[in-house]
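Taken in order, these protein sequences are the chains called Y and V. Each residue of the first sequence is one higher than the last, beginning at -9 in this note's numbering. Each residue of the second sequence is one higher than the last, beginning at 16 in this note's numbering.
Hints are computed from structural coordinates only; laboratory data are not their basis. Keep in mind that a hint or two might mislead.
To be verified - Pairs of lysine to aspartate or glutamate, EDC-like flavour, derived with a Cα cap of 20 Å:
1. V:Lys194 to Y:Asp224
2. Y:Lys147 to Y:Asp428
3. Y:Lys360 to Y:Asp314
4. Y:Lys147 to Y:Glu287
5. Y:Lys143 to Y:Asp314
6. V:Lys194 to Y:Asp314
7. V:Lys194 to Y:Asp428
8. Y:Lys360 to Y:Glu349
9. Y:Lys154 to Y:Asp263
So the chains spell out like this:
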Amino acid sequence: MPFPVSDLILIVPELFLTAVALGLLIYATVVSREKEGAIAWMALAALVLTGVLLFVPFSSVTSLPQIGFAGMFAVDKFSLFFKILILAAAAVTILFSLRFIGSSPYPGGEYYCLILLTTVGMLFMVSGVHLVSIYIALELMALSQYVLAGYFKQETKSIEAAAKYFVLGAFSSGVLLYGLSLVYGAARTLTLTGVAQALAASPKAPLFILGIILVACGLFFKIASAPFHVWAPDVYEGAPTPIAAFFAVGPKLAAYAIFARIFYSGFGPGSADWTVIVAASAALTMVVGNVGALMQENVKRLLGYSSIGHAGYALMGFLGYGTDFGLPALMIYLASYALMTLGAFGLVVMLETKGYAGESVDDFNGLARKNPTAAAAMLVFLLSLTGIPPTVGFIGKYYLFTSAMKAGWFWLALLGVLMSAVSLFYYFRIVRAMYLVDGEGELRWKEEPAVSAAVIACLAGTLLFGILPQPLVSWAKACLLN
Amino acid sequence: MDPSVFFFWVFAAITVVGALGVITMRQPLHSALFLLLTFLAVAGLFILQHAEFLAAVQVLVYAGGIMVLFLFTIMLVNVRRQAKEPFVNRRAGIAVLAGFFLFLLVGGVLTGPALVKKGPPADPAALKTTVIENSTARVVVPGNSEAVAWGLYRDYLLPFEVASVFLLVAMIGAVVLGKRSLEKFD
Chain Y
-9 MPFPVSDLIL IVPELFLTAV ALGLLIYATV VSREKEGAIA WMALAALVLT GVLLFVPFSS
51 VTSLPQIGFA GMFAVDKFSL FFKILILAAA AVTILFSLRF IGSSPYPGGE YYCLILLTTV
111 GMLFMVSGVH LVSIYIALEL MALSQYVLAG YFKQETKSIE AAAKYFVLGA FSSGVLLYGL
171 SLVYGAARTL TLTGVAQALA ASPKAPLFIL GIILVACGLF FKIASAPFHV WAPDVYEGAP
231 TPIAAFFAVG PKLAAYAIFA RIFYSGFGPG SADWTVIVAA SAALTMVVGN VGALMQENVK
291 RLLGYSSIGH AGYALMGFLG YGTDFGLPAL MIYLASYALM TLGAFGLVVM LETKGYAGES
351 VDDFNGLARK NPTAAAAMLV FLLSLTGIPP TVGFIGKYYL FTSAMKAGWF WLALLGVLMS
411 AVSLFYYFRI VRAMYLVDGE GELRWKEEPA VSAAVIACLA GTLLFGILPQ PLVSWAKACL
471 LN
Chain V
16 MDPSVFFFWV FAAITVVGAL GVITMRQPLH SALFLLLTFL AVAGLFILQH AEFLAAVQVL
76 VYAGGIMVLF LFTIMLVNVR RQAKEPFVNR RAGIAVLAGF FLFLLVGGVL TGPALVKKGP
136 PADPAALKTT VIENSTARVV VPGNSEAVAW GLYRDYLLPF EVASVFLLVA MIGAVVLGKR
196 SLEKFD
């Protein structure tokens, strides 16, 4: 039987984005340094168009989920949910980068090309239903990120971030791959449905247990949850700020998506004992992230630790396995996390001038007096990150904590609430700097239409879904795994 | 004599002579060239075992890629003048002892009682074809290169193509991070 060409329609969005990325790489060789902004706008247009093209596969199939390429690639609503969020995060990153890269001595062509290619890797990841296709896509995503982390190669911090990310990332990939190989050895198949069948037949096989633990560890690294979180603050601090914003959102979305896929469709039906590992990591992550953030002076490091804390909250969503509220709670939470984290990073981008100046908490001193709108926006994002109504962060946490309680993890939900209270302390250090401290001298502040637009979009989402959560909730519930 | 047996001895002899050459030559370049000879002879042995694909990969990857890497390194460090070390290593005794032990071990496994249950001897005719089975089809193809091709370009087409993008990213990354000048138009 030859290869079914009709399957190609399933990957139209990914094909389009790859083609644009390669085209931009060639275009960058002929365009002058001053006109590199055009590349960014084209990349942005490509992301929007890819978002539209996401619906092409759906129009071509009669039933969902549609599995193509010999059981490698799934078109379903679950992947659609994550793909839209990932494309939005990439688009916001490009808006953040316009001046940041334009005013730096570093070329823009490869930068935007790598952002698009890492996005392609994420898109393939969330659609993967075969261990090989998931792994290769994950590596495509990760490799582009290592380069992006070290893109400011004359800055020692950037190189350090890239080196740490690369070494630890390669190590975690090895752990993940070893786990996948053990699962393959035990199941003798690489498709997730095949793994589920084999695991149901012999749920206590030692190879499976070891494999599941190692796969969990490999993925814990990608979502930066304890005890595999140490890289995150260093990488966020050293990487160019728009890239740090992207790292805090895009790869995590993709990693949560494949975590859900592998554990729900692959490991879940056979044995749900893995929830214990997830609960242990969730508890540890919440404590480590929130307590670690208390001591940070650098805003990017602070947001890095805060994102570790949020990874801990989000892991609670997996504990609802077997019920119908864990996964939607996770998806609602991830959408809210993406909105508020990108927004907060956007304000850091605006505060930075050259290199890494403007990153410490003290640089926010007196922002409320100099620019009340920006300070108010930051306040909303910080309230949302803490989980205070009427913001989307509250909605996300509400669904997560109730889902954990319904699944019988009462103490974990309690720990989550407690840690949210702790997070109030460090988030409000920034609020205090903005509103109560008088900044000395001129505040570094660059008003940028592109970044402002992205921040306003995040702000609108944070408030709108905070007051009217129903569209988000019903969308997440409509996009569950089949 | 059966021609395949004849060629087996020819390739085996070349392999051993090449391996001896690798460790006895004084010039690193000569050692590298003897290594190339060994690789090629081993590829010949693979062909005699009907492992055509493995033979091709052996030539392409080892005799091609890895050898180029070796030769580049030798050229770059220019080791021609560093050939004054003694011909026999100081720890030669230990090495001989370890080698002898390995010889006993391998010989024992090959000639002694079987550690794993042996299957029936392979049918030479069956080796020339490969059966590929997956959920949708069952195909009998004439050789193992074809079997690899079916797997790689049909069942695993998607990961294969994603891997090609992955390698491209590696190349872009190497250029971006390795390029000395920041100005593109200088």
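I'd like to know which numbered hints this structure contradicts. Please list them from smallest to largest. 1, 2, 3, 5, 6, 7, 9
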